[in-house]
Amino acid sequence: MASGDLAASAGSALAVLRGRRPLTHVIANYVSMDVTANALLAIGASPAMVHAIEEVEAFVGLSDALSINIGTLSRPWVEAMLAAAAAAQARGLPWTLDPVGVGATRFRDETSAALLAHRPTAIRGNASEIMALARLAGAAATGARGKGVDSANATGDAEDAARALARATGAVVAATGAVDFVTDGTRSARILGGHALMPQVTALGCALSATAAAFLAGADDAFAATAAALGAFAVAGARAGAQTRGPGSFRVALLDELAALDPADFAPRIEAAA
Amino acid sequence: MASGDLAASAGSALAVLRGRRPLTHVIANYVSMDVTANALLAIGASPAMVHAIEEVEAFVGLSDALSINIGTLSRPWVEAMLAAAAAAQARGLPWTLDPVGVGATRFRDETSAALLAHRPTAIRGNASEIMALARLAGAAATGARGKGVDSANATGDAEDAARALARATGAVVAATGAVDFVTDGTRSARILGGHALMPQVTALGCALSATAAAFLAGADDAFAATAAALGAFAVAGARAGAQTRGPGSFRVALLDELAALDPADFAPRIEAAA
Amino acid sequence: MASGDLAASAGSALAVLRGRRPLTHVIANYVSMDVTANALLAIGASPAMVHAIEEVEAFVGLSDALSINIGTLSRPWVEAMLAAAAAAQARGLPWTLDPVGVGATRFRDETSAALLAHRPTAIRGNASEIMALARLAGAAATGARGKGVDSANATGDAEDAARALARATGAVVAATGAVDFVTDGTRSARILGGHALMPQVTALGCALSATAAAFLAGADDAFAATAAALGAFAVAGARAGAQTRGPGSFRVALLDELAALDPADFAPRIEAAA
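Chains as they are written, first to last, in the numbering used here: chain A, 12 to 285; chain B, 12 to 285; chain C, 12 to 285.
Read the hints as simulated data drawn from the structure, not as lab findings.
Among the hints, erroneous ones may be present.
You can't tell identical chains apart in this list, so a pair holds if it fits in one copy or across any two.
What the hints assert, rightly or not - Cross-link-like lysine to any residue pairs, in silico, SDA-like; alpha carbons within 25 Å at most:
#1 Lys158 / Ala189
#2 Lys158 / Gly257
#3 Lys158 / Glu68
One chain only, chain A, in its complex shape (with noise of 0.2 Å):
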């Protein structure tokens, strides 16, 4: 796919998405529930937080897709996290994992591994986190330099290890910072936009991977689903940061500007890339 035609079904997707209304089964980290419940809706889906062992099963059995974000870990959830995963993938649901923190202690590394052997249809990271989780999947040998849940390496040194965790997983992968990199193993792509105050507002990378899990819920292409939701942050990212002065009122203005995203008009700069 061009990317022309990218950007073009980025706007197909969205506008599928809001006449879907996704019902999202978002298994979050505490930090991050709030803002990413609050971008759900924004863009048009339809949220729950549901972690406990006792449904987490059932509930993925009503939803249209599943997230899983492990930044705040502990052994009850991890139970429910893989029991979710597991039934995701029995039932062929798309689900997106965002690995927070791995890399940084062994619990985070088996709790990743364990996800990865359930087929996450996409994976969101900082580019520490991507390194870190290719190297974990075998596929490559990295430098991740994460600093506990930030990153400290660049997108760029990070698309190596996309590409190889894509091909080895057979997911959709995204290492996401100033400028973002999706690949699915064979295409990829690059995604400009966004703002500076971005990572000084927490878990908004958490909040795409969900939203990510929203754009893939029926969707026929699931590099072009991811690259629409990286999309719909970039652009609705770059419009709050012209208009706002620090990370408090940034944080307002992307969820307007989230639910503000017009499907005619939402043109994300996407660039193919070798």
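With chain A's structure known, arrange chains B and C on it following the hints.
Below, chains B and C without anything else, positioned relative to chain A:
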């Protein structure tokens, strides 16, 4: 009570709340904690989120009201909810139940039924939740069509179920949506106002359920107190909507407008219903 | 250190923080996580919320500072808090304790006492909490009158208790309110500024406690570093209050103002106290 009386009593209910600053114990879902605490502070209450089985009973003993929300359930939280509800019932402390997503899974149904046995003072949900809860309580055979935690029914569909649920449980029951409906089984009213952006912001219903608990603290008439809480969100929501352009700025303005409500000038649009 | 020196050192403390971007490990209460992470990002730190017993010790080993907040306690979290505090103590890592609601229940008192044994570098609470903690530590017989998690005492009431608590524990102790008081048992100061809207926004005290941990990372003088953190909130709060009309917009502006603080122009109003 005539509807004019309800509107007039809402002003005095707000004045009482502001003077009393009720300590409102909230067992909230994770998604809603931030906006719920901020809404309670804005309206003039003193919120405290406490959920450990080791201390919920003691904390109920310190509090003026309790609010229980089942949004992000898990087994340890259910145990604490039941202990807190039992303690409130034993002490005659007013408490509100928000049955998020009831009808979606067996876990939610069982938890809701167990909580109902402790006689909530008021119940607030969307139309689908009220209809599902009425069916659970054996009060009505309803056609609830929830979608995860969002309603697929209008509140008009839920009026009969709300009345039946109120009669079966002794609780004041509120079904909220574009128009809110509240009933104690004998008296009923509709509250007008609010704004189309409200369902685009996560957890405002949860925040309203907790706010109703604060209004119930020490109130003589639970029906009027619940109507006053609904009226506060309806008036603040309409004012917030008039000055904002999207869900991010709407949420900010709603908190400002809740704080700015003036008991002397607080006249929600409440209509008596058959 | 004279008060002029404290104000001057606050600017250099902020410059050091911005340059270092300390990885700040936070075991936060649920209500506070969003605003705490956003405040840490705004001031220039790198926050990470990590609470699982499986990884807290490893994560302390990666971090520059630790902050523990007991707001929404439960048994598994207490175990993780104690493991993290012990690891910080063993490594000489600075850490702050926020004893939310201490004095309200036995569970909070026992947890606070156990955490004190691991020698926090600094303690921040409202006046009632500092007074209750001083009594717990056997440092003073005080008349703390908390109301849930809100203070029913002014900080002026807590000055003696704060000094006694500092002497008994070796920690810098801050009691915050309309005027903040900070002491290491020998030196004491009051920080002026802030705004009347601050207590109408949930968890700003929690966010300040975590921000103090970020200022303590690598600091030579814990008293000056804690005063600098208090000064940051006091200056940003006063500026935010001057441009907003309610608690919703105040919170947004506070985050903008924390990010906008300029080390070259950061002169909090700090007065030496007897």
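Against the structure, the hints:
Within a single copy, Lys158 and Ala189 get their C-alpha atoms as close as 17 Å, which meets the 25 Å cut-off; across copies the closest is 36 Å, which misses it. For a Cα distance limit of 25 Å, the shortest separation of Lys158 from Gly257 inside one copy, 23 Å, qualifies, whereas the shortest one across copies, 34 Å, does not. Within a single copy, Lys158 and Glu68 get their C-alpha atoms only as close as 34 Å, which misses the 25 Å cut-off; across copies the closest is 16 Å, which meets it.
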